[in-house]
Amino acid sequence: MRAVAILGAYALLVLLPLLSAALADPIAAQRPWHIELASAAGLLALGVVALEFALVARLRPVNIPFGSDALMLFHRRMGIAGVVLVGAHVVLLPLRPTELLGLGGSPALRAGALAAWALLALVALSVTRRRMGVRYERWLFGHRALATIVLPAMLVHSLGMQAYTASTSVRWAIGLHGGLLAVIALDYRVRRPLREQRRPWRVTDTRQEGADVGRITLEPEGHAGLRFEPGQFVWLRTSPRWWSSQEHPISIASSSERRSVELAIGARGDWSRRCIEELVPGARAWLDGPYGAFTPDRAAAERLILVGGGTGIAPLRSMLLSLRDRGDRRPILLVHASRDREHALFEREFESLRNELALEIVRVHEVCDGSDGCELGRIDHALLQRRVNWDLRRTHAFVCGPPALMDVVQETLLELGLPAANTHTERFDMV
Amino acid sequence: MLQRDVTRTVGTLAAIFGMAAALFVVAVREREARPSASAPPSEVYARCCSSCHEESELRGALESAPDRAALALEWLEELAQHGSASGPEDLALVKWLAGPR
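Chains as they are written, first to last, in my numbering: chain A, 1 to 431; chain B, 1 to 101.
In short, the hints are calculated from the structure, not lab data.
Only a predicted model underlies this, so the values are computations on that prediction, with no experimental measurement involved.
Don't be surprised by glycine CBs; every beta carbon is placed ideally from N, CA and C.
It cannot be assumed that every hint is accurate.
What follows is a set of in silico ranges between Cβ atoms, one per label pair, in the way DEER data are often shown [unchecked claim]: (1) A:PRO61 x B:ALA22: 37 to 47 Å; (2) B:VAL26 x A:LEU101: 31 to 41 Å; (3) A:PRO220 x B:ALA22: 49 to 59 Å; (4) B:VAL26 x A:PRO331: 40 to 50 Å; (5) B:SER64 x A:PRO107: 47 to 57 Å; (6) A:SER239 x B:VAL26: 48 to 58 Å; (7) B:VAL26 x A:ARG393: 42 to 52 Å.
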């Protein structure tokens, strides 16, 4: 219900400039239909692009029903929709090549060309980042810089063109978007980082898990800590500078019933390697969170299926430890995929949890001689069909790991009869 | 599921926005057949007719006319003879006179 209300509010906000233009209509003479369609596309693009930032500004009321990964994917798709609308706006207008390139015309027209080219570059960079091998930090810097150009340029263009925006109500609608953006930006980039700054965390323990994962234990320093639901994640920052954008989403791996927080960080990129090196006992870190809707606390489940691979097992560990601490005895099937025994995270710990939870564990290794009870290969349809052989209507599944694993598991569980709404995922591969 | 749900949501929103754009075009293209928003009745009246006629008198005549558009054109010709109407503003005046109340 809350999700529908938020989507309705989103659609209304996007449509607001167009609706006010239709109602106010300050243009006296009739114009060709393609010019009106171009205006409609431009007014819609303004709404879509202006709200893009709100989708990824970690607004808690928006994050709770959807989860950050769904919002990120939605942000990405709506960004592409914004480019299509801007493209339609430009193509339908009789523009000269110099105006298209931003080299001629009024200042408002030049601002429009700048906004259009910057938006195209921004979306192209996001869509091709992985293929072009652009590092996340560099991409994020470019993304933010281009967004900082697009939004003001769009506002200058739309207000300066004096067509529909000559009407006071349309100007109010655009002003509302601008004001909303300014408030969200201040909250996101100033108020929250400053609040985090006053709530540092101290590293109390570090351990190596598997071949390339660091487990970091953090204790709150001078504050009450974090109230989170098992499966949620935080944005981790190691720099004391509150304005630093060097932060990454990391799943919480510890029990929600404990004061300390454990994070499992895979040493896969420059940032994560440096982070593991820097976070030695005594070091400080800052956490923004919790975020995410990937949690069994919001699911009315009689049974749980947890499927994880790589560091995707971390939020599942948080779920298992939390359920243990709460004395939960619901049947749980844990399917744990890893390359081999050396790369399997928390394996001994999971084995010990068998005594405290109604837990069945299936270990799937790509390299396995069968001597320690593991299954050889990868998680596939046949394996899940063999292991999941009960009525799935009141079962909820939580899946986290490499994208290919998540796709296979989701499709298979659906085929086996698990209702689509009962499958929960957490994806960190959206950009 | 996540991809499918988001794709479905984006598709639904795209359909809503597409329909809104089409309705917008249809709505604003009707400009020729309705009074201009840039020329509110009282302003038009003040500009063209207030020196000789009461506004209620003109309204009454328009409401009782069997062919409002024809009457409006007749008035326009009369205004042109008086030199009161000229240029593109005439169109707005005719629209106001001929348009629905």
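Now for the hints, and whether the structure bears them out:
1. Range check, PRO61 (chain A) to ALA22 (chain B): Cβ separation about 32 Å, and the 37 to 47 Å hint is violated.
2. A hinted range of 31 to 41 Å holds for the C-beta pair VAL26 (chain B) and LEU101 (chain A), which are about 33 Å apart.
3. Distance hint check: the CB atoms of PRO220 (chain A) and ALA22 (chain B) are about 55 Å apart, consistent with the given range 49 to 59 Å.
4. At about 58 Å, the beta-carbon gap between VAL26 (chain B) and PRO331 (chain A) misses the expected band of 40 to 50 Å.
5. A hinted range of 47 to 57 Å for the beta carbons of SER64 (chain B) and PRO107 (chain A) is consistent with their spacing of about 52 Å.
6. Against the hinted window of 48 to 58 Å, the Cβ-Cβ separation of SER239 (chain A) and VAL26 (chain B) comes to about 54 Å, which satisfies the hint.
7. At about 47 Å, the beta-carbon gap between VAL26 (chain B) and ARG393 (chain A) stays in the expected band of 42 to 52 Å.
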